[in-house]
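Residue numbers (the working numbering), protein chains in the order written: chain G, 1 to 235; chain Y, 1 to 872.
I should point out that these hints are in silico values taken from the structure, not numbers from a laboratory. It should be emphasised that the depicted structure is a prediction, and the values quoted were computed from it without experimental measurement. Ideal Cβ positions, reconstructed from N, Cα and C, are used throughout, including at glycine. Hints are supplied without guarantee of correctness; some may be wrong.
[As the list claims (entries may be wrong)] Derived coverage of chain G by chain Y (criterion: at least 3 residues anywhere in the stretch with Cβ under 8 Å from a Cβ of chain Y; other residues may be distant):
hint, stretch
1, 102-114
2, 148-157
3, 185-197
[Claimed, not checked] Computed cross-link-like contacts, BS3-like style, restricted to lysine-lysine with a CA-CA straight-line distance of at most 25 Å:
hint, chain 1, residue 1, chain 2, residue 2
4, G, Lys58, Y, Lys527
5, Y, Lys233, G, Lys148
6, G, Lys215, Y, Lys174
7, Y, Lys265, G, Lys223
8, Y, Lys148, G, Lys82
9, Y, Lys265, Y, Lys245
10, G, Lys129, G, Lys58
11, G, Lys148, Y, Lys470
12, Y, Lys68, G, Lys218
13, Y, Lys527, Y, Lys362
14, Y, Lys145, Y, Lys196
15, Y, Lys527, Y, Lys497
16, Y, Lys189, G, Lys58
17, G, Lys215, G, Lys204
18, G, Lys218, Y, Lys265
19, Y, Lys145, G, Lys148
20, G, Lys58, Y, Lys81
21, G, Lys148, G, Lys215
22, Y, Lys233, Y, Lys245
23, G, Lys148, Y, Lys497
24, Y, Lys457, Y, Lys470
[What the hints assert, rightly or not] Every beta carbon over 10 Å from chain Y, so not counted as near; a handful from chain G, in silico:
hint, residue
25, Arg62
26, Asp137
27, Gly222
28, Lys223
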Amino acid sequence: MIGLQFACEIEGRMNGHAKNMHLKKSMKSIATLLSFLLLMAVHSTRMVGASRNHPCRKTLQRTFKLAKVVQSEASELFIIYKASQGEGSEFLCTAPVNNIPDPNISGLEASERISSIYTHLQSFIPHLKRVYEQQTDLQLPTSPMLPKLLGVSANSRNLALSINDFYHRAFPNLPLPEPAGGPTTLPPPLNVFQQKVYGCMVLKTYKEFTSNVSKEFKSFRGKVCRRRMKTNALF
Amino acid sequence: MNFIMGDVSALPLCALLFLACGIHAYSNFQSHLLTLPQNPVIEIGTNFTATCLISNTVEVTADDLYWKLSNVTIPRDQYRKVNSTALSVTVPITKDISEEWLFCYCRKKSSYVVLNEGKFIHGISLRTGYRPEKPENLSCISFQKEDKSFPSLQCSWGTTRRQTPTVPVHFTLKVMQVLSNQTSSTTTKDHWAEVKLSPYPFHMELEVWVEAVNQLGAAESVHLRKEAQHFVKTNPPEVTVTSEKSFPTSLLLNWTPPVNQVCVKLTYQIRFCSPKSPGWSHVPLPDINDQTNFRLQGLRAYTPYTVQVRCRDVENLHGYWSDWSQNITTTTPEDKPSSTPDLWRTVVYNGTSERLVQIICKDPEFPNGRITRFDVKVEKQRDRAWNQSGGWKSVLVNRSEAEEGETSLTLLEQISLSNLESVKVSVVAVNSLGRSPEASLILPVKLPDHARVEELKVWPHEGQLVVEWKPLRNKLLSGYVVEWLSDGRLDWRRVSKTSNRTLTGRLDPFVCYTVSVYPVFSRAIGKPVQMLAYVEQGAPLRGPTLKLNGKPGHNEAELVWEEIPLRDRRGFITNYTVFYKLGEEIREVPVPANSTSLKLESLMGDSQYEAWVQASTAAGSTNGSHHSFITMKYAAGTIEAISLGAGLVILLVFLLGIYKREFLVKRLWPRVPDGRQSSIGTWSPDCSMKAEPPKESCVSGISVLVSMCESQSGFEEDKASLSLRKDKYTSEEHSSGIGGSSCMSSPRQSVSDSDEGADMADTTASTVQYSSVVASSAYKGQTPGSQPQHSVFSRSESTQPLLDSEETVDMFVQEASGRFERLAPQDITCSEVFGPPDGEQLDCCQEADELQADGRTAPSSYMPQLGGYKPQ
Chain G
1 MIGLQFACEI EGRMNGHAKN MHLKKSMKSI ATLLSFLLLM AVHSTRMVGA SRNHPCRKTL
61 QRTFKLAKVV QSEASELFII YKASQGEGSE FLCTAPVNNI PDPNISGLEA SERISSIYTH
121 LQSFIPHLKR VYEQQTDLQL PTSPMLPKLL GVSANSRNLA LSINDFYHRA FPNLPLPEPA
181 GGPTTLPPPL NVFQQKVYGC MVLKTYKEFT SNVSKEFKSF RGKVCRRRMK TNALF
Chain Y
1 MNFIMGDVSA LPLCALLFLA CGIHAYSNFQ SHLLTLPQNP VIEIGTNFTA TCLISNTVEV
61 TADDLYWKLS NVTIPRDQYR KVNSTALSVT VPITKDISEE WLFCYCRKKS SYVVLNEGKF
121 IHGISLRTGY RPEKPENLSC ISFQKEDKSF PSLQCSWGTT RRQTPTVPVH FTLKVMQVLS
181 NQTSSTTTKD HWAEVKLSPY PFHMELEVWV EAVNQLGAAE SVHLRKEAQH FVKTNPPEVT
241 VTSEKSFPTS LLLNWTPPVN QVCVKLTYQI RFCSPKSPGW SHVPLPDIND QTNFRLQGLR
301 AYTPYTVQVR CRDVENLHGY WSDWSQNITT TTPEDKPSST PDLWRTVVYN GTSERLVQII
361 CKDPEFPNGR ITRFDVKVEK QRDRAWNQSG GWKSVLVNRS EAEEGETSLT LLEQISLSNL
421 ESVKVSVVAV NSLGRSPEAS LILPVKLPDH ARVEELKVWP HEGQLVVEWK PLRNKLLSGY
481 VVEWLSDGRL DWRRVSKTSN RTLTGRLDPF VCYTVSVYPV FSRAIGKPVQ MLAYVEQGAP
541 LRGPTLKLNG KPGHNEAELV WEEIPLRDRR GFITNYTVFY KLGEEIREVP VPANSTSLKL
601 ESLMGDSQYE AWVQASTAAG STNGSHHSFI TMKYAAGTIE AISLGAGLVI LLVFLLGIYK
661 REFLVKRLWP RVPDGRQSSI GTWSPDCSMK AEPPKESCVS GISVLVSMCE SQSGFEEDKA
721 SLSLRKDKYT SEEHSSGIGG SSCMSSPRQS VSDSDEGADM ADTTASTVQY SSVVASSAYK
781 GQTPGSQPQH SVFSRSESTQ PLLDSEETVD MFVQEASGRF ERLAPQDITC SEVFGPPDGE
841 QLDCCQEADE LQADGRTAPS SYMPQLGGYK PQ
């Protein structure tokens with residue numbers, strides 16, 4: 001506006017050809033200025049989108065790190081578990097056990113896969129709790145496995161909470177489904193050997209599952225939250 | 001016993017009865033006043049309003065009420081009458097008045113009020129305090145334990161601590177996991193608290209805050225919101241250091257993270273040092289990042305390095321660094337020497353045309369291994385060319401491991417050079433891996449003295465000496481050598497020609513160093529400039545030993561002392577102080593440092609002095625040994641003067657004696673009249689007598705007798721008494737004159753012979769005519785007559801008694817005094833002669849003495865006799 005007013009004043013004061021030349025030059029500079037302002041507006045929109053998307057990425061990153069912590073602890077726990085079961089522990093994990101959640105992650109879309117991770121994780125937590133109860137009877141109170149098992153359970157709950165948080169940030173309009181078929185089905189009372197086999201299979205499966213979760217979240221990096229950022233940029 | 005048991009069982013019953021009575025009494029007791037609010041908690045700085053209500057009586061109204069705060073009545077202008085049965089009061093609370101009471105009283109307007117005074121009083125206890133303030137500076141940390149777990153979160157905060165004992169503030173630390181909304185808390189009165197977190201929620205967001213609460217309100221600190229791993233302080237990593245032979249200037253570091261990297265991603269910091277470095281060297285952080293190994297490069301070969309590593313959360317720039325890991329010391333591999341040995345010399349000029357030169361060197365600055373030998377070559381200059389005389393000569397180095405790290409000198413060569421010879425010395429250091437570059441030194445014919453450094457200054461600085469000089473402007477100058485020597489220990493340092501200052505390195509305190517600065521030219525070494533210096537001065541180790549120079553005088557003494565040995569001086573002597581003490585009085589005399597003697601004057605004669613010398617440096621003083629001396633009673637020459645005076649007096653007396661001899665003889669030995677020339681009648685004695693030698697005097701006769709007696713009798717113990725007696729007799733004879741004769745020819749003996757026991761006074765007083773035997777001996781001292789002595793008996797006309805036996809004794813005495821050979825037939829000993837204790841003669845002498853003692857001198861008593869003889 002100031003530029004236009006200034007141009008008008010110039011037009012009012014000048015006459016003839018020289019006057020027209022000045023007017024054209026002024027119009028050009030105004031157009032350049034407007035273009036620059038438009039570019040700045042677009043850039044700032046993108047910046048706003050990026051900053052808005054920052055919590056999503058931060059949550060993703062945090063969930064990924066937590067998944068790695070759980071994976072690492074699950075691996076350590078499995079080793080400690082086998083070591084604490086005495087002779088023949090290598091054969092414990094060969095017998096098939098029913099009702100243990102599948103370690104594989106299903107779904108095509110990221111949201112579906114995250115949802116699958118979440119439901120599987122929720123399914124594993126009661127099994128971990130059952131194994132702890134059984135091993136509390138089987139192990140000495142000073143056994144290092146018990147606090148480790150407790151730690152893995154607690155971190156698994158934290159991971160579930162973190163995945164839930166991430167999902168809602170990444171997919172705010174999609175509800176996160178709870179495990180299908182209601183509460184997790186736990187095995188009936190077992191003898192000591194069966195308990196050992198059960199525990200071994202649960203921990204082995206859980207280790208595989210957490211490994212898959214880590215890989216999955218690694219693959220999400222640069223995909224899930226970026227998509228939303230692009231949307232913001234286009235907008 | 002039964003009574004006691006019964007008493008015990010009755011006790012609870014009485015107690016119950018008493019309680020029941022009390023409850024009954026309490027139920028009957030109903031106060032007519034009530035103060036509200038009950039048990040108030042009041043904030044300091046506010047106004048407190050209380051109201052007193054009257055109930056169940058019409059005896060009093062609100063106008064009869066008044067308030068008291070403890071014992072002070074509150075003014076009525078602070079009252080407000082609510083109605084006829086209620087009165088309020090407003091009290092400003094400006095300070096802590098906890099434990100005080102606010103009472104509502106009633107005036108004693110009626111007998112009912114007086115009789116029921118307790119029912120017309122009601123009070124409330126006040127508790128005052130401050131509202132809690134917001135806790136500030138909240139910070140939290142989670143320490144890793146030995147088992148690598150992080151069991152808790154510890155937080156601390158600060159407040160102004162403005163609270164009162166009756167209204168305390170309680171702090172509640174709250175830690176909430178944001179996603180689960182699970183909150184853990186701990187309440188405390190302190191300014192720190194700990195919340196258990198098991199397992200530690202890595203990568204979970206925590207919200208931490210503190211609530212301060214008391215009865216007046218609550219306040220909350222700011223909320224810290226961080227992921228849990230950002231609060232941790234881990235243990236230090238476990239480090240291993242590897243030395244690889246193929247990399248003599250590097251060390252490989254590996255370490256194990258104290259915590260799983262998936263839990264906390266760590267960054268590391270490395271620092272290292274060697275014994276020769278001044279402090280720790282840090283590796284820049286970006287060079288390490290989150291690696292778990294690192295190669296230190298650019299190190300010195302064959303040098304021990306100590307390494308430490310620490311870590312912290314990489315994502316938290318303000319996170320907590322762990323402690324440094326334990327020291328790991330590893331030595332880098334060996335390499336061949338990479339620098340030249342430091343070559344130097346000492347020269348001793350012995351006054352002849354030759355000089356004794358010692359070629360010494362220090363190990364190379366970078367020996368890179370253990371130096372096993374030095375190869376030395378000495379070349380003499382002839383016709384401006386260096387002629388090698390003997391080729392390379394090896395000097396083996398044999399050092400213990402303890403000496404290895406120290407700067408040690410090696411004597412390479414000792415050569416005697418004439419002042420006209422110039423020598424070039426070359427040396428190479430050798431270790432197990434190779435030879436060092438060659439170092440050389442030229443010893444010129446004559447040191448150029450035209451170029452010396454000027455304005456040399458030396459001063460101590462943190463255990464070293466700073467040496468500074470004015471730089472030389474000489475085109476041929478290649479550098480300087482600063483040398484310091486003490487007590488036979490030599491060291492030096494080379495300095496580039498652009499420098500004019502250097503440090504000596506750590507030196508011993510209290511040791512005197514001779515610091516020299518040599519300019520070094522391309523083909524010669526210049527003359528040095530020297531200065532003495534101490535790194536640190538102290539009081540002398542011992543004081544000077546004091547002694548006297550000669551003997552002390554009457555009022556002066558010269559003290560001398562030796563300089564303290566250099567080793568004991570421990571500093572520059574600034575001055576001496578001589579102390580000397582007489583009794584309790586101590587005087588001191590300052591003496592310049594260059595003096596070693598002092599003459600004390602104005603001392604008191606014949607007095608004992610104690611003296612000592614105190615030597616002082618800039619850092620203190622030390623007293624030397626004490627030395628005592630006594631001044632003389634008389635000044636020198638006094639005794640000589642007295643002696644001379646006495647001598648002169650004696651001489652004068654002697655001369656006087658000579659000149660006045662006659663006078664003195666007359667005075668001392670008065671002339672006694674010669675009895676032989678008297679007109680006494682003579683008769684022949686009964687016994688034969690030998691004539692007395694006419695020349696023998698009385699005194700000499702007695703003397704001879706005494707000598708004879710001493711020699712013959714051997715009565716040594718009687719010598720003194722004899723001598724006394726001799727003198728006595730002598731004086732008797734001298735003084736008594738003829739009286740002595742009368743003594744010897746004592747009339748009493750004749751009296752005793754004739755009439756023993758008769759009174760002597762009667763005898764002597766008798767006036768009968770008597771005859772006296774006058775022997776020559778009776779007139780000793782008298783000048784004898786020229787004619788021979790005859791035994792002549794002269795009858796005296798004296799009235800003294802004269803007895804027969806008297807002549808015999810007198811004759812014997814005469815004989816004994818003249819010829820002692822004739823004593824034998826008589827068989828009389830000297831003691832019998834001179835000392836018969838009960839002899840009548842002694843009595844007679846005693847009588848004479850007594851007479852003398854009575855003041856009547858013997859001669860005077862005989863004077864009438866003398867006069868009496870004259871007519872004879």
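Review point. Lys145 (chain Y) and Lys196 (chain Y): Cα distance at most 25 Å?
Key: holds, 13 Å
Exercise for review: Take a quick look at Lys223 (chain G) and tell me if its Cβ sits farther than 10 Å from every Cβ on chain Y, holds or violated.
Suggested key: holds, 20 Å
Check your understanding: Do the alpha carbons of Lys265 (chain Y) and Lys223 (chain G) lie within 25 Å of each other, as the hint requires?
Key -> holds, 24 Å
Review point. Has the given pair, Lys58 (chain G) with Lys81 (chain Y), been kept, meaning a C-alpha gap of at most 25 Å?
Key: violated, 67 Å
Check your understanding: Is the straight-line distance between the alpha-carbon of Lys527 (chain Y) and that of Lys362 (chain Y) 25 Å or less?
Key -> holds, 22 Å
**Study point:** Proposed proximity, Lys148 (chain G) with Lys233 (chain Y) (alpha carbon, max 25 Å)
**Key:** holds, 21 Å
Review point. Holds or violated: are the alpha carbons of Lys265 (chain Y) and Lys245 (chain Y) at most 25 Å from each other?
Key: violated, 33 Å
Practice item. Below or equal to 25 Å on CA atoms is what counts here, so check Lys148 (chain G) against Lys470 (chain Y). Key: Violated. Lys148 (chain G) to Lys470 (chain Y) sits at ~75 Å, over the 25 Å cutoff.
Check your understanding: Taking C-beta pairs only, is Arg62 (chain G) more than 10 Å away from all of chain Y?
Key -> violated, 5 Å
Review point. Holds or violated: are the alpha carbons of Lys233 (chain Y) and Lys245 (chain Y) at most 25 Å from each other?
Key: violated, 37 Å
Check your understanding: Has the given pair, Lys148 (chain G) with Lys497 (chain Y), been kept, meaning a C-alpha gap of at most 25 Å?
Key -> The hint is violated at about 70 Å.
Exercise for review: Verify the proposed pairing of Lys129 (chain G) with Lys58 (chain G), using a straight-line Cα cut of 25 Å.
Suggested key: violated, 30 Å
Violation of the numbered hints given earlier is confined to hints 1, 3, 4, 6, 9, 10, 11, 12, 16, 20, 22, 23 and 25; the remaining hints are satisfied by the structure.
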